[in-house]
Amino acid sequence: MTADLTPDRVALRSWLPGFVALAAIWGSSFLFIKVGIEELHPLHLTLYRVCAGALTLLVMLAVLRERLPAEPRVWAHLTVVAAFGVAVPFTLFGYGEQRVESMLAGIWNATTPIIVLPLAVLVFRTERLTARRAVGLALGFVGVLVVLGVWKGVGGAHFVGQLMCFGAAACYGVAIPYQKKFVAGSAHSGLSLSAAQLLIAAAQLAVVAPFVAGAPPSPTGLSAEVFACVLALGALGTGLAFVINMRNIRVAGASTASAVTYLIPIFAVLIGAVVLGERLTWHQPVGALVVLLGVAVSQGVFGRRRPAPADDVPAPAPVAARR
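Everything in the sequence shown is counted per this note's numbering, starting at 1 for the first residue and increasing by one.
The hints are simulated quantities; they were obtained by calculation from the structure and are not laboratory data.
There may be inaccurate statements among the hints.
[Stated by the list, open to error] Okay, derived cross-link-like pairs now, DMTMM-like style, lysine to aspartate or glutamate, Cα gap no bigger than 25 Å in a straight line:
| id | residue 1 | residue 2 |
| --- | --- | --- |
| 1 | LYS181 | GLU71 |
| 2 | LYS152 | GLU278 |
| 3 | LYS181 | GLU66 |
[Unchecked claim] Quick list of the computed label-pair ranges, beta carbon to beta carbon:
| id | residue 1 | residue 2 | range |
| --- | --- | --- | --- |
| 4 | PHE227 | PRO72 | 34 to 42 Å |
| 5 | ALA273 | THR220 | 30 to 38 Å |
| 6 | GLU38 | VAL208 | 28 to 36 Å |
| 7 | VAL243 | PRO217 | 28 to 36 Å |
| 8 | ARG125 | GLY221 | 19 to 27 Å |
Even glycine gets a Cβ: it sits at the ideal position worked out from N, Cα and C.
Based on the sequences and whatever the hints tell you, model everything.
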């Protein structure tokens, strides 16, 4: 099964449950962040969840008898990916959710592919800009403006919170093409690279967090609810989710697996509404639909399926780039 073939019924049954579970895990991450920041500074929340995720992947490495990368060059590039793909966006989402609803943060996460495209074309030169992609990019930009509700004016804590969430998605837009250009071609497994990436991010946060937010509180002093959210963000959102995503790519193909992008905001909105009782203004889900339409157009979802050029094959995204 490749990315360019439509899975038959047997293949559908083999990957669809994991596909939906992955969307639910990543979509629920915004709820866990919302609960976590009730007791933790966004930097401390990020530090704890990254440590939990790193520990989870290290256990997987030990079980599978794989090793971390040894080349200094790989670690140097992963330092950039860790900053822009994990440490900064995780923290920005935490800051953003101090001001906006968790479901709105999930919607902003869906703008990542729209941000990736121009950077991949203009900066990293890992993609080509076609007319179809240009149309998709324009639609995505319109969707972003609709989500922001720019006609209502700018300013205020809510608007700032949205910009922080958009900034988090923009960080993923840097990390994904950077990883594709400088890291994806290495001989190491995705699990090994992701574990190293999380270890670096944990070190970065451990250095920065005390200066910005003070010493992190003891995990034993957290409420059971917040402690569970931290574990879920780390162990599920980066550990189990990583395994599920790799299996989806192997069974259904990279293009099909990447379609989880369309389900994540749906789960984020549903979970936020049911668990937290959050509500959205009409233009936010409408803008989200326009953004997702732009993503679909840019990825050729509505066109005739044909073999993708070599530079169109998606590279493994940073381990945290979905949430």
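Right, here's what the structure says about each hint:
Taking the CA atoms of LYS181 and GLU71, the gap is about 17 Å. The hint holds against a cut of 25 Å. For a cut-off of 25 Å, the pair hint linking LYS152 to GLU278 stands: about 21 Å separates their Cα positions. For the proposed pair LYS181 and GLU66, the alpha carbon gap of about 23 Å is at most 25 Å, so the pair holds. With their beta carbons about 36 Å apart, PHE227 and PRO72 fall inside the hinted range of 34 to 42 Å.
Remark: the range hint 30 to 38 Å for ALA273 to THR220 is upheld by a beta-carbon distance near 33 Å. Range check, GLU38 to VAL208: about 22 Å between beta-carbon atoms, so the 28 to 36 Å window is missed. Evaluation of the 28 to 36 Å hint for VAL243 and PRO217 yields a pass: the beta carbon distance comes to about 30 Å. At roughly 49 Å, the beta carbons of ARG125 and GLY221 sit outside the given window of 19 to 27 Å.
Violated hints, listed in ascending order, are 6 and 8; each of the other numbered hints is respected by the structure.
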